[in-house]
Each structure stands twice: as structure tokens, then as C-alpha cells.
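S.K.: Single-letter residue listing:
Number of protein chains: 2
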Amino acid sequence: MATGTNLTLSTRQKLERAQRAASRLSGLTTLRKNQLLLSMAEAIESQMDRVAAANQKDLEASSLPEAMRDRLLLTPSRISAMMAGIREVAALPDPIGEVIAEWRRPNGLQIRKVRVPIGVVGIIYESRPNVTVDTVALTLKTGNAIVLRGGKEAVYSNQCLVEILGAVPGLPEGAIELLDSSTRDSVQELIQARGLVDVIIPRGGAGLINFVVENSVVPVIETGAGNCHIFVDESADFDMADRIVINAKTQRPAVCNAAEKLLIQQSIAETYLPRIAKKLIAQGVELRGDDAAVGIFPEIQPATDEDWSEEYLRLCLAVRIVASLDEAIDHINRYSTRNSEAIVTASESNARKFLRAVDAAAVYWNASTRFTDGREFGFGAEMGISTQKLHCRGPFALAELTSSKYEIVGNGQIRA
Amino acid sequence: MATGTNLTLSTRQKLERAQRAASRLSGLTTLRKNQLLLSMAEAIESQMDRVAAANQKDLEASSLPEAMRDRLLLTPSRISAMMAGIREVAALPDPIGEVIAEWRRPNGLQIRKVRVPIGVVGIIYESRPNVTVDTVALTLKTGNAIVLRGGKEAVYSNQCLVEILGAVPGLPEGAIELLDSSTRDSVQELIQARGLVDVIIPRGGAGLINFVVENSVVPVIETGAGNCHIFVDESADFDMADRIVINAKTQRPAVCNAAEKLLIQQSIAETYLPRIAKKLIAQGVELRGDDAAVGIFPEIQPATDEDWSEEYLRLCLAVRIVASLDEAIDHINRYSTRNSEAIVTASESNARKFLRAVDAAAVYWNASTRFTDGREFGFGAEMGISTQKLHCRGPFALAELTSSKYEIVGNGQIRA
Chain A
1 MATGTNLTLS
11 TRQKLERAQR
21 AASRLSGLTT
31 LRKNQLLLSM
41 AEAIESQMDR
51 VAAANQKDLE
61 ASSLPEAMRD
71 RLLLTPSRIS
81 AMMAGIREVA
91 ALPDPIGEVI
101 AEWRRPNGLQ
111 IRKVRVPIGV
121 VGIIYESRPN
131 VTVDTVALTL
141 KTGNAIVLRG
151 GKEAVYSNQC
161 LVEILGAVPG
171 LPEGAIELLD
181 SSTRDSVQEL
191 IQARGLVDVI
201 IPRGGAGLIN
211 FVVENSVVPV
221 IETGAGNCHI
231 FVDESADFDM
241 ADRIVINAKT
251 QRPAVCNAAE
261 KLLIQQSIAE
271 TYLPRIAKKL
281 IAQGVELRGD
291 DAAVGIFPEI
301 QPATDEDWSE
311 EYLRLCLAVR
321 IVASLDEAID
331 HINRYSTRNS
341 EAIVTASESN
351 ARKFLRAVDA
361 AAVYWNASTR
371 FTDGREFGFG
381 AEMGISTQKL
391 HCRGPFALAE
401 LTSSKYEIVG
411 NGQIRA
Chain B
1001 MATGTNLTLS
1011 TRQKLERAQR
1021 AASRLSGLTT
1031 LRKNQLLLSM
1041 AEAIESQMDR
1051 VAAANQKDLE
1061 ASSLPEAMRD
1071 RLLLTPSRIS
1081 AMMAGIREVA
1091 ALPDPIGEVI
1101 AEWRRPNGLQ
1111 IRKVRVPIGV
1121 VGIIYESRPN
1131 VTVDTVALTL
1141 KTGNAIVLRG
1151 GKEAVYSNQC
1161 LVEILGAVPG
1171 LPEGAIELLD
1181 SSTRDSVQEL
1191 IQARGLVDVI
1201 IPRGGAGLIN
1211 FVVENSVVPV
1221 IETGAGNCHI
1231 FVDESADFDM
1241 ADRIVINAKT
1251 QRPAVCNAAE
1261 KLLIQQSIAE
1271 TYLPRIAKKL
1281 IAQGVELRGD
1291 DAAVGIFPEI
1301 QPATDEDWSE
1311 EYLRLCLAVR
1321 IVASLDEAID
1331 HINRYSTRNS
1341 EAIVTASESN
1351 ARKFLRAVDA
1361 AAVYWNASTR
1371 FTDGREFGFG
1381 AEMGISTQKL
1391 HCRGPFALAE
1401 LTSSKYEIVG
1411 NGQIRA
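Heads up: the sequence lines are chains A and B, in that order. Just so you know, we're using the numbering used here here: the first sequence kicks off at 1 and counts up by one. Just so you know, we're using the numbering used here here: the second sequence kicks off at 1001 and counts up by one.
Be aware that a few hints might be false.
As the list claims (entries may be wrong) - Straight-line distance between alpha carbons at most 30 Å, and here's what the computed DSS-like set of lysine-lysine pairs gives:
1. B/1278 to A/113
2. A/353 to B/1033
3. A/33 to B/1113
4. A/33 to B/1353
5. A/113 to A/33
6. A/152 to A/278
7. B/1057 to A/113
8. B/1113 to B/1057
9. A/353 to B/1353
10. B/1152 to A/113
11. B/1279 to B/1152
The set of hints was computed from the structure by calculation and includes no laboratory data.
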């Protein structure tokens, strides 16, 4: 087992403290963990001015463009939302200790599979300081220690939040560790620290996620990318299709479950495409399309090959005309990032085929792709949306921050 | 998404075929998959001579030491066991399509979490040719395509088995792909093929597993290492402790769930250590120990610091005297590889504390560590024993070769 031999002393000490804390956290009762969470919410509440002042220092030091500055900004209502988020996590059921399965073998061995914490969870994230608080709450609730590596733009905000959260009486030392964010070195150290860190969750843009995925020797839960499609088939209710397409494209275009591509069945393209195209253009959406789409509605700009793979994350949508359901499924399985994919159809058999054959974390029939979200799914919280197939897939929260252990009770059994 | 840009043409073609096959395999019914499995067993049965001849070529080309030659050898009874293994997998329940959870949201969305294949599973393994057949059966049953990279010593055996299994009528082309095993290049290619391969499972020695874990950009299920401990506490039934220690150490010393360390509580060390030491020496076990153990029983050789971390995989055992249950737990959590750990005690409270506090895939009270095994657990088969905390932990088989997908059915819902 490699144990991060190239770590600086400071990082090694932090990770070893986190590992010792994980051992203590795993033994805390649900009541104790909830008390700690409520104390954290109170601590932020009583020090809102301190948080705002630290955030102001980040904003003053920042040369970010306006849109990014907004992500960094902590207004009083955003700080209140963080506190409310902690209290919501405290109110959720505790997955730790759950007996996932239990059975008796013919030789009398009693086997129980129980849910346990993962151990030390590493989070690498970008500018939003609310991630600091959200992830601390979710990892504490699940009895894990957390090692945070935030963005350098939010250094004062994150430092202040970690000081406040970490000072809650009774929290084991090392339960929340914050790594230096001034250089990329600490990212490199964290993802190499196999044996000290049990999982890394990167949260941010494609550049960060790909760097972590390609360089980490610690297991990763990959989150993020979403080149999401909506297929409108010939039996679709056009009003419903309009609502879904417009919502999925325009309600929040910069997120991973926003629609990026629209597939329309050929037999309805002459009637449906001009109708939806006008509505999308009226909403400020830039349209691109294949030759058939451009032929029907010339305001659409020709798409290039790259368009079919691209995640725009802005008000841009590429349209393709497909002959059949099969062609739609093939196109999606070829180009999608397997996040969220939707069909709008009145045909149950077409819908069932689409739901089965499209390979994605979330597949929708007659609903917007924007629902791929832990809270929208009813989990009460969200850590991220996994786009990998191992460990968890789709929106994930508390249950996915756990592992399992087999407890076996015998009366002297030996193997023959 | 990286898609293995540095692949040779041959490997790329194989992986792309496997990816297309995965799409077709995911749609096969349980009946169809079971028919294919039974046809595979029949195909091997009718070509046992061909398999034996190919295996003979491997044995003739091999310069392996005798113990390794035995692992490579396919006797008629071993070939029959492979066939029986395929038929057992055919008889197991199919996890694919299982509805893991289903609920309705207040907005009317119906959400179902269903079990689906992972996609393309890569297996990197060493000399045992039975792994070829076992893993093909498990991945086919779960609707996955498989890419095999076997050991170079078994090249003829593996080639022959893959030809026989792959020729079964109705099996999608690409369902079983075998990579070149003459150099390590194909290992390097497979573990870099993110986007074409969904998971890599290395099966073999620590060198292979560490290489894969440290270099793969494809998610890995780590299997293998086991520095397993047995703690005999002061209330233990000595006869039971003898049986468990001797079984766990000697029944099959070269496997990962064999005991490597014995911890004895100080208060019984004077009486219990000489008794168990004599019995172990009579079984040919080499004993090492800490100063206290050597002081009590001078035939024990002094252990070095390295001994506490070492996985001997042979008839050698290191003994340590500990003052208390807490000291035993601390020692185990410090040195173990988190595979299988046991306590022998008549005290339920001590046992419960041990089961809870020891961080391992399988923790035992009054039973041998040797039971950490898919068949012994009742899974009917085994792919390996995961020593990581993500995706699965401990023995794993069919269910762990699956992922999940959310299917969401609405009637026009959009997000506010």
C-alpha cells in the first residue's frame, strides 16, 4: 500500500490527523453527530459578520470576471442558506450502522453486511465557498473525516468557515482539515495520498475533474460533465415538448443537467422545428444544426462535428434531425456524456425502449433533464452527480458517502 | 472524456468491438444469457482434449518453478470444475433489471433506480487459466463485455478457451476480447483506455495490483492483500482458539484471508502462548514474535518492525502480546490491510467492540478468517475480494459487476 511518500510534512500531518479523526468519528452516535451539526449552524449564525468580512477580503483580492465573482460572493441570505443546509442534513436519517443484509450460512455462521463510514474523504473544489459548508455537513453526518482543498480565490472565506466549523466543542481534532490552496501542489499531494485518503471527489469544471481523474491514485468519484439530449419523437405533444425543451435549455444553462442538444424525428421536423426554433430564439438561444435542420429553418447556423460532443454551458443548442428512435438512441449513446437524457413521446413502447437502451445516469420520459439533482430526487441534500458507473451513478448524497463491512459471528467454525 | 488516444490499432479495435458488444449484451434476457452460458459449458465439455493440448503447450514452453506450474496446469478434473462453475453461474439469479428503489415525488415524477450492466469490464490476471472461464461466466451473466489480459505463461490455454467460449452461436461479436499477453504494453493500454473500458479488476500478486492501482485512469476494484490478525482475548476458549488459529494459518497459507499475525492478551500469554506455539510448530509453522513472546517461549524468533506489516503467504506467523482489547484494536488498525480480522473471546461486549472498531472488509467473532470468500458467504461464485472501500468491499460476485440507472417518468414536469 502506497502511503503518499512524497507529501510535505504539513500535508502529511494534516492527513494523519484526519485519519485518526476518522477512527473517532466512526464511533459517534447519530445524536452526537446531529448535536455537532446544530452547533456548527449556530456557530456560523453567531459569526456571520466574521464570515462576510473574510469573504470581502477574497472579493477585494480577486480579479475574477463578474460572473465568477458572483459565485464567490457570500451575501447574508447565502450564509443563511448554508446554515439551513446544515440543519437539513442534521434532520436527515443517518445511514451509518444500517444493516444492509443479514443471513445465516448452513455451517451456522451469521453474516451481517453493515453500512460504515468511508474514512477520509478528500474534496477538491473551485470558487463557491458554500461547498465548504455543504460537504463538511454531509461528511460529518456519515462519520467521515474531510480534507478540503478549495479554490485560491476563496482562501479567506474557506479559512474562516473551517475555523468556525472546526472549533465546535466536541469535534475530534482533524475532523476537518484544509489544505493550502495557493498552488496546485496540494492537489497533487492529495490525489497521491493512497492509504491516507479513501476517496477523492472533485467538484468544479472539466479541467479540474479531468486532471484529478487522470492523475489520482486514490479512488475518485467523477462528477460533472453533461452533454444532455432531448429527443422529440413524432407522437410527442408539441406543447409539452416546448415546455420541456425551453426549461431544460434556458432555466439554468451553466449546469451539467441543462440540455445541449435537441433531436427531432424527421416526420415532424417540418412542423415542429420552426415552432420550437422561434421560441428558443425569442429566449436568446443561439441555434446550430445539421444540414436538414438548416434546410428547414435557415436562421440555424450549420453545426460542425465538434458541436455534437460539446457541452456549451450557455444559451446555445444544436439541433439534429433523426429518421427514427433507433437513430436517436445511437446518436445519444455515441455522443452523450451519460448524464441526463430525455425523450418526449406519447408512445409508451418508444419511451420504454429509450429508457432501457440509452446508457446514462438518468433517463427521462416526458420531463426536463434539469431534475437530475439530489434535492429534486428527494435525497434532502446533494454531494454531486456521478458520471461514472462505479460506486454510485447520478445524484449522490449521504448513502454514497458510506462503505460496508461484513460482521461474521460464529461459535468456532473453521474451513474444511 | 479521454478515450485512450495512445492505443495500438489492434487494441483499439478490440475495445471498440467490446463496447459495441456491451450495448447488445445489456439488452439480452436472462433466459438468453443462461442459454449462452450452458452452451459455453457444453462447448468446453466437447473440446476437453483441445483445451488439454493447448495447456500442454503452455507447460512445455514454461520455465516456471514447480508451484507455479501447478497453478498453470489444467487437469481433466480442473477442466470439469470450470464447466461446473459456468453451470452454477447460469443457475444463479440475474441481478440485471432489478428495481433497487422506486418512489414518487410530490410533483408527480416517478423515479426508479434499476440495476444495469457496468459495460466493458477489463480483467488483468496471472497464470491460472480457470480465471478466464470464471470471469467470462460472471461478466456474461451480468450483461457486460469482457476484455481479458492474461499471463504470458498461459497464452495458449487462454487463447484456446476464448476461442471455444467466443464461438458459441448467438454470442455478440466482441463480447469476449483477449489482449496480447506477450508484453506489458497491453496492460498499459487497457488501464489508459478511459471511455472505452468502465472498470479494471486486477487479479494476481501485489506487484500486479499495485501497478494497476497506481497507473490506471480507468476506475479499479482493488483486490488482494491480506495481513490478517487473530486476537485471542483472556476469556477465550483455548480449544476453540487453537482450532481457529491453526485453521486460519495452515489450511491454505498462500491466500489473502490466511492469518499472518496472532495477538494474545497479556494475562493469558504465559499459559496460552506455549500451548499454541507447540501446536503451530508441529504443523511446520515458523514463529516470530515481540520481546514478550520470545521471553515466554524462546523457540520464537525475534520479529523486526517489518514483520508487523508483512503478508507472508506461507507457513510463518508473528506473535505479539498486547495488554488489552484496545491495544489489539489499535495494532490491527495500524498494520492490517483491512481484509479479514478475527477475535476469539467468550465476552460478547468485547466481541461487539472489536467488530465495530476494527476497520476491515470482514471482521470475525469466534470463526476462522478463511471464510472471507464469495462461495463461503453464499454468493455462489466469486470475482475477487475487494480491499478498497468504494463500490464494493470484501468478497464480490454478480451484484458488484453491475451499476445503476435512474429511470424517471413524468407528464411534462419542468423545473421551477
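S.K.: Taking the hints in turn, state whether each one holds.
M.R.: Comparing the hints with the structure gives:
With a C-alpha separation of about 36 Å, the suggested pair residue 1278 of chain B and residue 113 of chain A falls outside the 30 Å cut-off, and the hint is violated. Among the hinted pairs, residue 353 of chain A with residue 1033 of chain B is consistent with the structure: their alpha-carbon atoms are about 20 Å apart, no more than 30 Å. Taking the CA atoms of residue 33 of chain A and residue 1113 of chain B, the gap is about 29 Å. The hint holds against a cut of 30 Å. Among the hinted pairs, residue 33 of chain A with residue 1353 of chain B is consistent with the structure: their alpha-carbon atoms are about 19 Å apart, no more than 30 Å.
Proposed proximity of residue 113 of chain A and residue 33 of chain A is supported: the alpha carbons are some 22 Å apart, at most 30 Å. With a C-alpha separation of about 43 Å, the suggested pair residue 152 of chain A and residue 278 of chain A falls outside the 30 Å cut-off, and the hint is violated. The hinted pair formed by residue 1057 of chain B and residue 113 of chain A fails the criterion: a straight-line CA distance of about 45 Å is larger than 30 Å. For the proposed pair residue 1113 of chain B and residue 1057 of chain B, the alpha carbon gap of about 48 Å is over 30 Å, so the pair is violated.
Among the hinted pairs, residue 353 of chain A with residue 1353 of chain B is inconsistent with the structure: their alpha-carbon atoms are about 50 Å apart, more than 30 Å. This hinted pair does not check out: residue 1152 of chain B and residue 113 of chain A have alpha carbons roughly 38 Å apart, beyond 30 Å. For the hint pairing residue 1279 of chain B with residue 1152 of chain B, the CA-to-CA distance comes to about 41 Å; that exceeds 30 Å, so the pair is violated.
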